[in-house]
Amino acid sequence: MLTRLNLKGSYGNTASLAGVSAAQTIATFSYLEDAYATARILQLLALYNRDLKPEHTTSIDAGVQAGFFDRLSLDLRWYRRQTADALLDVPIAASNGFSMMKRNIGVLRNDGIEAGISISLPDITPDWGLRFSTSVAYNKNKVIDLYYTDKLYTSDYSLIPDFQIGKPYDTLYGLRQTGINAVTGLPIFIGKDGREIVPGQTQLTRDDFITLGHLTPPYSGSFNLGVTWKNLELDADFYWVAGGIKQYNYTYVRNRDDVNYNALRGLTQTMWLREGDVNKIYYSPFYSSAAIETLQYANTSNTGSSNYLRLSMLSLRYRVPQKVLSSTRIIKYATAALQASNLFTLTPYSESDPETGTLGSAVQPVITLNLSLTF
Amino acid sequence: MKKIISYLAAPLLLTGCSLDIPYDNQFTDPDAIATPENGRELIASGYSSLPATGFDLAVLSDDFIPTYWASRNPSLSNQYNWQPSALHDLSIYAWPQYYSVISTANALLERLPGITAATDADRREVADLTAEAYTLKAYCYFQLLRLFAADPADGLDNEGIVIKNSLTMDNLPRATVGATIDEIRRLLEEAIATGHSGTDPSWLTADATTLLLAEVELYAGNFQRAATLASSLLDKRGYECFSPSVYRTLWESTSCEEQIFIYNDPDQSQTYYQGIVYDTTTGDYYSVSPSLAMEYTDTDCRKEWTICPFSSQALGSQSFIGKYNLLRREKREIMFVNKMRLSAALFTAAEAWAQAGGDGPQKAIVALNRFLDRRGADPVDTSLSGDALLKEILHQKHLEFLGEGQRYFDLKHYSRLLGSTSGRIPAPGDYRWLWPIPKDEYLYNDNMTQNPGWPKDSFND
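Protein chains in written order, with this note's numbering: chain A, 10 to 384; chain B, 2 to 462.
Chain A on its own, in the form it takes in the complex:
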């Protein structure tokens, strides 16, 4: 019954300086287009960190793969990636002359498990073959240690620490919105103990925030279906993610200066514009600057689930039979394939691409035709 058993394990150590520019580790000066008196201005670009170290990632992988009857295979894999000396741009005191600096902040851990099944039936009949596989992965992350603090905030307005020992570092916190106030046009937020938060008037505290979800989707998976008939092969790959949340960052057209942005269809119908407008979705474009602080936070209405299912690859391949090729005498092998990637994405994230958040950076379908000849 058990035709094959593989046990796999690996251990790796890598270092990375990804995202670090020269200016962050060594004094880097750059000319501006401005001049002071008779001298062109040469500016120190950033407060460089003489003690900056590369990130060290230790990866451990362990997996087992079992094959049954030569047809069915099950595999299970566990991985852990622990990054020490994680790099991050953090705010620093203004008396240093600069507001941010890149530092090694602590130890972050990312681990998960993957399970997969694949069934391969290459010869159901002499002409037909079938292949099917599916896999599911679960990923979680956690802050293991922070070097010089136990809570790290990355901006003056953070009420919840962005990195806290023992907690995941991709959680999105926000406020709970229950609608648009018909009189003021501002959203109604419910905070701690059910109290109402009025934008611009109520001082927010940490307890007013709720956990909205994970920014990196914890669940992901794929399934692949392949069918062969004689010399034709049809393959379809699907990829899905689930469990993540993303803030909508579409620009809402609120005044004449924004009209160059594409507005959503029906935006003005669903935006509060004057007193008495009820059942609106988008809040008023006329708000006081005091309200901005509360409106900038994520909330239940301006975030959406970033789950998606994508047909990531569809291909049809034809292998030219040997009988045809041997008559040409020079061509040894020939295949022709039509391949399409990212044909469609199904997602409840209504306003744009769930992976990147903007229409402009969404992956576009690509169709290729390739012909390969071996002489």
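None of these hints come from the bench; they were simulated from the model.
Bear in mind that the values here come from a model prediction, so they are computed numbers and not experimental data.
Here a beta-carbon is modelled for each residue, glycine too, at the ideal position from N, C-alpha and C.
Mixed in with the good hints, there may be bad ones.
Selected chain B positions facing chain A (Cβ under 8 Å, derived; list incomplete) [what the hints assert, rightly or not]:
id, residue
1, Thr29
2, Ser101
3, Thr105
Calculated lysine-lysine pairs in the PhoX-like style (CA-CA distance at most 20 Å, straight line) [to be verified]:
id, chain 1, residue 1, chain 2, residue 2
4, A, Lys160, A, Lys176
5, A, Lys149, A, Lys111
6, A, Lys341, B, Lys4
7, A, Lys341, B, Lys3
Which bits of chain B does chain A cover? Going by a derived footprint, with three or more residues having C-beta under 8 Å, they are [what the hints assert, rightly or not]:
id, stretch
8, 30-36
9, 169-180
10, 196-205
11, 265-273
12, 445-458
Go by the hints and put chain B onto chain A.
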């Protein structure tokens, strides 16, 4: 053969292409600052970053009164009325800017020893840069001290500001007022010892260092030394610098004999004093009070530059502030801002002499009358003495520096003498005389303390 070629070609395919070539105009250490020219360009970025607070300080002082349009600018009205939110906004601009200049000066001081100075001219330039870096730091510390810390007369152990001597990330506590003054003095004396050979007022030359040291000594209460330093400048340049022909060029030229230090960045100076204008045809938000405007006699050469008469149906007859506002009204570009000029030396000497005792008050009156004579104004009463003399000197100083932001510091330093002239300007000892330490300092610096009366937010735990 095919195999050999493919083995040789394979590595080429394996090398990843990384086009992380730095831009042509970015230079990194070591030897990024290799020549005196580079050093001059680096310090230019420090000078250019100096914050422009003159207008805001003038609004806070008693230079202006509101016009009919004042109510249309709530944020400027808040500032005029000394609302805490306005002072908070000024502090979050000024504090990081001054420290940015200080960090640039520190970066330069670290790299000056590494500059190769082959010729005499190069050596002179390196010495000049060293002196300027010290003076620039002292200048920033002095402004920060006067804005964020209590007057020395209230005690030298009160909290001053952060002294930053290296380009590293630190969370430093505030030094005391006394320690800050000592540091400023040390920097200026080192600058004087190094010596500066230049005369261009765009840079902090020897005269600027001397004047700054005189002002610091006056601020600290060392009247004799302040008077000596200030009068040495007056003797060096001469009272002819106060004559009408020179005054005319003070606002128009970058090489006027009265100028000691000017902020010479045309791009940044363009918007200076823009905040006072409501509309170029209908008027300004604030004007000069009639009683002040009347003090300029017709023979006073400062009148045409300081006061702009204006009348309209809405406002009646008004006197708007001139100087930079006048340049803008005449549609001329503001190319520079006068930060230090010889008049400051005169008034520093006069204030110091008036408080020094002995024959000081006499010398003060003589100097002041010589100055006023050049300006074309009426002389002061020679029988004045004591507090009355000091008040008169400060009043004449007010007329000289109207709208330039100097009056705020006098109101603060001499707050008990000048009293609170209206309910608007806070009484001596009010918490608003000390600006709040900004959030982006104390949130990340655990050693930082806030000035009394101001809130200190924290990340709620």
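Verification of the supplied hints:
no., hint, result
1, Thr29, "holds, 5 Å"
2, Ser101, "holds, 5 Å"
3, Thr105, "holds, 6 Å"
4, A:Lys160 / A:Lys176, "holds, 10 Å"
5, A:Lys149 / A:Lys111, "violated, 25 Å"
6, A:Lys341 / B:Lys4, "holds, 19 Å"
7, A:Lys341 / B:Lys3, "holds, 18 Å"
8, 30-36, "holds (count 3)"
9, 169-180, "holds (count 5)"
10, 196-205, "holds (count 3)"
11, 265-273, "holds (count 4)"
12, 445-458, "holds (count 3)"
When each numbered hint is compared with the structure, a violation occurs for hint 5 only.
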